[in-house]
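Line by line, the protein sequences are chains A and B. Each residue of the first sequence is one higher than the last, beginning at 11 in this note's numbering. Each residue of the second sequence is one higher than the last, beginning at 72 in this note's numbering.
Worth double-checking, as some hints may not be accurate.
Said to hold, decoys possible - SDA-like mimics (lysine to any residue), calculated; alpha carbons at most 25 angstroms apart, straight line:
no.	chain 1	residue 1	chain 2	residue 2
1	A	92	B	147
2	B	245	A	176
3	B	246	A	156
4	A	92	B	281
5	A	421	A	469
6	B	246	A	421
7	A	95	A	156
8	B	245	A	74
9	B	347	B	320
10	A	95	B	288
11	B	245	A	161
12	A	92	B	263
13	B	246	A	161
To be verified - Chain B is nowhere near these chain A residues, computed Cβ spacing over 10 angstroms in every case:
no.	residue
14	32
15	63
16	118
17	123
18	272
19	436
20	459
Unchecked claim - Ranges between beta-carbon positions, derived for each pair:
no.	chain 1	residue 1	chain 2	residue 2	range
21	A	124	B	206	20 to 28 angstroms
22	A	124	B	189	36 to 44 angstroms
23	B	352	A	78	31 to 39 angstroms
24	A	110	B	200	26 to 34 angstroms
25	A	124	B	352	49 to 57 angstroms
26	A	51	B	336	56 to 64 angstroms
27	B	200	A	175	29 to 37 angstroms
28	A	124	B	126	51 to 59 angstroms
29	B	200	A	155	33 to 41 angstroms
30	B	187	A	155	48 to 56 angstroms
31	A	180	B	294	27 to 35 angstroms
32	B	349	A	131	52 to 60 angstroms
Simulated from the structure, these hints should not be mistaken for lab results. Heads up, the beta-carbon is just placed ideally off N, CA and C, and yes, glycines get one too.
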Amino acid sequence: MNPLQYLGQLSSMLRVPLMVMLLMAVASIVLSERVLTRLSQNQETYLTALASSYLDGIAASVSPSVVHQDSWEIFDILTRMKPQKATIYAQETVVTDAKNIVLASDIPDVHPTLGQMDPKFGMEFEEEMRLDTVSQLAFAARSIRHNEEIIGKVYVVFDASSLLKERREVLQTLILTNIGLAVLLAAIGFFVVRRMVLPMQILERHLLKAASGGLEFISDVEYPKANREAKRIFGAFNQLVGAEKEREGLVDRLTKEERLASLGRIASGMAHEINNPLGGLLNAADTLKKHGHQEKVRLETVDLIKRGLLGIRDVVQAALVTYRPQRSSRVFTLKDLTDISLLLRSDLGSRAQELKILPVPFDKVFDDLPAGPIRQAIMNLVLNASNASPHGCEIVLSISQSKEGTHLEVKDIAEGLPDDAGEILTAPLKSGIPDGMSGLGLWVVRQIADELGATLSVKPNIPKGTIIAIDIPRRSGEMIHAAA
Amino acid sequence: MTSSNKITLRTRRTFMLSSAMFLLATSNALSQSQTSTTIRFGLTPVFLNDDIHLLSVIKNYLESATGYSVELVTRRTYQEVTSLLVSGQIDAAWICGYPFVKFQNELDLLAVPEWNGEPLYQSYLITKFDREASKLADLKGDIHAFSDPDSNSGYLVTKALLQENGLSAESFFKKTLFTYSHRNVIRAVASGLVQSGSVDGYVWEVIREIDPDLVAGTKIVRKSDWFGFPPIAVSKRFAQTKKVNALKLAFLSSSEAEAGRAMLDYLRLTGFVNAKPALYDSVKRNVDRLGALL
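Make the full structure from the sequences, and use the hints.
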């Protein structure tokens, strides 16, 4: 992985100190390089000036002796002028004549008097002073002039180890200081960023909790030392939480009110459905009262009363099927399918329709599915299909099981499901029940499917009709009972 | 008149004027020297005349013993001190036997130091301590250090020895040089600046005691015969003056006074004695032998 990408993936609390350390390292390298370069230049300037002064002194002092070729005088001058306790001292000084014959050296054993100067030694010297960092020596030479004529040359080798030692010490000091500073700044960066990020972390924790449904206020206890900015953010978040909680409360209240209104509408609808035959029944009762002695009239009136009562029974039965609270927590069995078939026979029979269950289930228990909600869902779907289908047609209920769960399908050959009805099943759920009585059955199916964690799907039944399917995932018994 | 003649004439006039001024200065100096209450005592590198403490010891003793204030006069070369002595600008001087012989007609002996109980010393031929050399012939081709052209032990003896062997310093040695001090001869040899040197045996032995590291760098190749120790001399003209007599008495009685003994101890001498000029006959023989070569 690219180191920069890796750095980018670290948390701010680590990334910032690391970046501080990296920046400090870069700054240290640049700074150290500049300091050492400047130090080297200063040292070389100093050394050049020192060498120049020393060479000038030597050249001026030995000049008369070089003219007289007086080796002793030159030697005496060299030994007397040699600094004994200097940090940078002349390690070796050689005075030659114009022909490079050694007149005297302060180390005569190395440079014998009146011998030709060692060419290798002579090659160490250049026009300007030269500092050799390997041998830690500096080489400088100066011509000795007398009456504008070069009569000899002074060669001096300086021990520059103290200067180079100083450079090493400066470098060590720079490295140690910069490491110390980098660590210190990184630590400060760590604590500062930690302090800066802490409010964000608290906010992040609350946001994540809110996303999973646990919307909570940020209390002062959580961050007692919040700075002004953090307090402002927390205040804004708390205002948001307050507004959301208020909205939730409002929605709850509205839902309850809407439920009550729905109940009113249902009651009103039922009253309307019962009121129609009831009017006829009352008329029939009056007719019986007045003309009950006439057999024909009596039989017709009784038949009318029976039909009116049957209509009321249908309405009550439909209400019972639809809204009766399921108190039983028993599991869905083969018998429930028989019950469904029996319960729906009257409705389907009035339209000369037939419910076909395919294939005929061989198992008596369906994955511990709760009997109540499944029965209600199937009946609602079949009644819906029945209402939409023409007389005399067949409605097919399929039920199958697999590793994933249970698959239920209700097929009809109707004109197709209206869009708003389809939306009730598949669109994101709206709070509250739908307006009016239409779609109430499907809304109940949707509620049941959501409680079971099932998926509803609507697709056309080729060549004509609709297939509504429920896929109920295999779940633990505990969850199923909870749904029931 | 040509330009060269003009120059010659001018040079002569300048010389005459200079000579007149020198004589005037000399006569002034003479009168001042002999009438003042200060003894001007000259010192040469026949001993360690660069030892400041030793000079103060000598000065203190001579002042206490003579009752005069003493001014010690040092110069770089024997010749300079000898000139001052002969010209009467100083009252007395500790010079070498060779200048004494050279100016025997102008100088008298005041006192002669005794070293190891004898007023005698030797000249040493020395070389570097680690060199395989045990005789004069081994030093052939050396760069050789002499002490002073007016030194007996540091020049004359070696010149005479070479002459005895039918040699000359110029041909025998690659090069010779003067260091104008016996200590410097030892330094030059010990450092390797030169390969050999002629040195005062007394000075070499004394330095061996007080600065053994320096002498350890050298070794003796040859010791000469014994010669009269470098004397304290006085101009014959002032040999009997009160100051000079006081000075003579001070040297001769130095071993009797505590300050005198301190001086003698410092100099590693046993005392000062009266001596005849004949003590320096051996030096004179060398001078005579070398004659025009000097």
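Exercise for review: Given the hint that residue 245 (chain B) pairs with residue 176 (chain A), test it: the Cα-Cα distance must not exceed 25 angstroms.
Suggested key: Violated. Residue 245 (chain B) to residue 176 (chain A) sits at ~47 angstroms, over the 25 angstroms cutoff.
**Study point:** Given as non-interface: residue 123 (chain A), partner chain B, CB spacing beyond 10 angstroms
**Key:** violated (5 angstroms)
Point to revise | Cβ distance range 48 to 56 angstroms for residue 187 (chain B) and residue 155 (chain A), holds or violated | key: holds (52 angstroms)
Exercise for review: With 51 to 59 angstroms as the target window, see if residue 124 (chain A) and residue 126 (chain B) comply at their CB atoms.
Suggested key: Taking Cβ atoms as reference, residue 124 (chain A) and residue 126 (chain B) lie about 35 angstroms apart, which means the hint is violated.
Check your understanding: Does residue 118 (chain A) really sit off the interface, with its C-beta more than 10 angstroms from all C-beta atoms of chain B?
Key -> It is violated; residue 118 (chain A) is separated from chain B by about 4 angstroms at its closest Cβ, not greater than 10 angstroms.
Check your understanding: Under the criterion that the straight-line Cα-Cα distance not exceed 25 angstroms, is the pair residue 92 (chain A), residue 147 (chain B) satisfied?
Key -> holds (22 angstroms)
Check your understanding: When you check the alpha-carbon spacing of residue 92 (chain A) and residue 263 (chain B), does it fall within 25 angstroms?
Key -> holds (17 angstroms)
Check your understanding: Is the Cβ of residue 63 (chain A) more than 10 angstroms away from each Cβ in chain B?
Key -> Answer for residue 63 (chain A): holds, closest chain B Cβ roughly 25 angstroms.
Exercise for review: Take a quick look at whether residue 95 (chain A) and residue 288 (chain B) sit within 25 angstroms of each other, Cα to Cα.
Suggested key: Cα-Cα ~24 angstroms, so holds.
Exercise for review: Decide if the proposed pair is consistent with the structure: residue 95 (chain A) and residue 156 (chain A), CA atoms, cutoff 25 angstroms inclusive.
Suggested key: violated (31 angstroms)
Exercise for review: Evaluate the given range 36 to 44 angstroms for the C-beta pair formed by residue 124 (chain A) and residue 189 (chain B).
Suggested key: holds (40 angstroms)
**Study point:** residue 110 (chain A) paired with residue 200 (chain B), Cβ distance criterion 26 to 34 angstroms
**Key:** Holds, since residue 110 (chain A) and residue 200 (chain B) (Cβ atoms, about 30 angstroms apart) stay within the stated range.
Hints 2, 6, 7, 16, 17, 25, 28, 31 from the list above are not met by this structure, while the remaining hints are.
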